[in-house]
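*Asks:* Each chain, letter by letter, is given below.
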Amino acid sequence: MTVLGFLRDRASQSIRLIGHNKVALTGTIIIVGILLMILLADVIAPYDPEKQFTRLVPPCSEYLLGTDRLGRDVTSRLIYGGRASLMVAVVSVTIAMAVGVPIGLISGYFGKTLDNVLMRIMDVIFSLPALLLAITIVAILGPGLLNAAVAVGVSYVPRFARITRGPVMSVKERPYVEAARAIGASSRRIVFKYVLPNASSPIIIQTTLALSSAILAEAAISYLGLGVQPPTPSWGSMLNEAKLYLFIAPWLSISPGIAIVFTVLGLNLLGDGLRDVFDPRLRRRL
Amino acid sequence: MIPGDVVTLLLETSLALTPDQLLELKAMYGLDRPVFSQFVGWWASVLQGNLGVSFRTGLPVLGQILYTLPVTLELTLLAFIFSIAAGLAAGTVCAIKQNSKLDIGIRVFNVLGLSIPAFWLGIILILCLVYAGIYKVGYVSITADPIKNLMVMTPAAIVLGIDLTSLISRMNRASLLDVLRQDYIRTARAKGLPERLVLLKHALKNSLIPVVTLAGNEFGRLLGGAIIVEEVFSIPGVGRLLLRATYDRDYPLIQGIILVTAVSFVLLNLLVDLLYTYLDPRIRY
Amino acid sequence: MSLLEIADLKVYYFGREGIVRAVDGVSLELKPGSSLGVLGESGCGKSTLGLSILGLVPDPGKIVDGKILFEGNDIVGMSGEELRSIRGSRMSMVFQQPMTSLNPVLTVQDQIAEALIAHKDMPKAEALQHAVELMKTVGIPDAGDKARQYPHQLSGGMQQRVVIAMALACNPSIVIADEPTSALDVTVQAQILGLMKTMRKEYNLSLFLISHNLGVLVELSDEIAVMYAGQIVEIGPTHLMLKQPAHPYTSALMRSTITLSSVRGRLSPVEGMPPNLACLPEGCRFYPRCSDARPLCSQNNPALEIFGERHWVRCFHAH
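Protein chains in written order, with my numbering: chain A, 227 to 512; chain B, 241 to 525; chain C, 1072 to 1390.
Calculated directly from the structure, the hints in this document are not laboratory data.
A short list of chain B residues far from chain A (calculated; beta carbon distances all over 12 Å):
(1) V333
(2) G345
(3) I398
Derived pair list, reagent style EDC-like, types lysine to aspartate or glutamate, alpha-carbon separation capped at 20 Å:
(4) C/K1191 / C/E1152
(5) B/K445 / C/D1181
(6) A/K248 / B/D343
(7) B/K441 / C/E1152
(8) C/K1217 / C/E1204
(9) C/K1191 / B/E435
(10) C/K1102 / C/E1380
(11) C/K1207 / C/E1197
(12) C/K1314 / C/E1380
(13) C/K1133 / C/E1076
(14) B/K441 / B/D418
(15) C/K1102 / C/D1079
(16) C/K1138 / C/D1079
(17) C/K1102 / C/D1145
(18) C/K1207 / C/E1273
(19) C/K1133 / C/E1152
(20) C/K1138 / C/E1153
(21) B/K441 / C/D1192
(22) B/K441 / C/D1181
(23) C/K1191 / C/E1204
(24) B/K337 / C/D1130
Here are the computed distance ranges between Cβ atoms for each label pair:
(25) B/E435 / A/D502: 24 to 34 Å
(26) B/E435 / C/D1079: 23 to 33 Å
(27) C/G1379 / B/R436: 48 to 58 Å
Quick reminder that beta carbons are idealized off the backbone N, C-alpha and C, glycines included.
Can you build the whole structure from these sequences, using the hints too?
*Replies:* In structure tokens form, the structure reads like this:
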């Protein structure tokens, strides 16, 4: 069975299981909803996010969520802003996975000194608060969407490394792996065929949770002016712009926050639900 | 070496310098030396207790950090205490009254608490408090006026600690539920001990072990969050200092802060390890 | 007057898969100073029986019917406070796994002294001292040093001695022991059994013993009650049970036990599997495994009837 085939089976099993778990289901619905909203931005958004109308209009029938300091429609900016926020999240988690999972695999599989060294490095990165690390990296690289994504991504690498390493270490001692080695299977084959599938569940769970943290992180970084730069809207940068007008135009500070809360909530629920779905049954199946 | 060299920035923001003056400035800050020697030189002076001088203000870095550190410590400590107290209480209630409405309600709060961006909560909180007339923006030092200080610091601490509270609450609930299922709890009840004693003496000490680990690991989260909470609430702590330094590309200052943070982390981890051995005798022997 | 009287006790677990009738109409008596053993396979409900005497049946279990009279008072329906005053002071319990029955983060001295402090209002220092004395009584060497140690630092045998010390602390009238030696090495088992015998005499205890191990019960009990699928199928004085087991199950159990005389022969285990307590058959519950089965047995469940002196059997064809 190839890795792909395995993943396909897992996917259909998981979908069925998710359907039964209320928490995961709620999360999935929210996420799908938000994704749709963002993908269909061009169709849904009432106005062009860059176009300027009357400034600082409170929510009304014409502008559902009001307009900002430059007269831009908040609703439209919110929808388009989701794109930037989610993009940063996805890019950063992809980076974290692309770097972290291999490190975890190598570290767990080859063990001994390599493992020690790699894990020490991971510990150092892990022990620094994500935001602090991200700010430092942005300070060096300069502000911007991509840099923020890289910064957040780097800070999540240890998480993925650790979560991959665990299952790898427990699986590599199993008899069927020894048997495979005895008949001369290459390390790479063993890793892909036996080891990786076992680690896939925790990785998936970690991905959803990392995505939710990444969105929060992007919001924080952009709010501080170090992330997505104007005039590109992102939920964080919108909050940054709203900062000065907090008491004059409070609606500007409220809506992006709610959008963030919903999205993160959806992802968290999905992650928690997946955790329930995977763990005990995983043990039973194995 | 770094895009947006500090000197260039200074040039942009302040006076027009002649090329000679520019060179002089560079020499003064050692920016003309190769990177490696700058690095070594910095460490040398650090070990002598000198963290360098801020590019922007010309004030010594160490001094600036020490000046702002107590503020951040106060904030973080308040947040930590709040998180632990609230988290333990909530988690314990959940475990004792499992599956009751209270349990479910608290768990919903937990998930929400982890989904809300702290700084946004802070903003909303400030909005509400100002409208209610309770809050006035602006930090007051604790020595000057303790009450006003706490009035500013408390909402900030709560906001900072929400994440951690939710995590602790969740972990405590799970841990306590697990402990209550254990045989030794049955033994304690079989001895006829009052339920309160069973809970506080037998159960809690055991259930705290994973909670302490969690708290120790996540303390860093507080420090990271402090940066942004200080910004929102205009509290002059190390976090805000770091932000200013980042905006100004004030390299020595940034380095200094990172160093101090790293050192505090190591000390903190040591402390957690010590606490751990106290709680779990199995590790001691 | 009996010290403990269990009358038609029914304890059921209400789970998602159905109702598990762990204890289904059990009546037993324990006289002062005597020792009763309950023999049965795993899953026959004997542990539940033991737990219900102290009101410790875990959720989702409930005492559905019957009475448990201790010194004339019914345990069933007692308030939490009343139960607490009995537990650990007038009746105490010894469990199977000493390692998990002791709290890993408290010293053994502390755990023994607790009962004294709670029930006898003893001041802490005195209780701790008393605990050390108790440890000496149960045969723990270097009691003074070991007292301040933690459970994981002691061997299995020592741990069980601590558990016994805990049970004896307040001088109870009854000690309920649920598989007290099953988790221990064979040599240690013998030691603990010896200890229990001595303690029984010294403290004038009544023992309520639960075990799947016939050897243990023979050592310690005056009477043995054989339990099967939630019911008592035979009860009588130990020596009678050994020589003349009346119920087919009891005979099968006797045969399957290795004794010195049977060492040369083949082992003859009891055929079949114990029934699922959630769905019990109509007739005699031992019917599927009985070598003596007849058509009547599959239709009706026999009642417990007198067979000999103080000897009762639940079988249509007892001989």
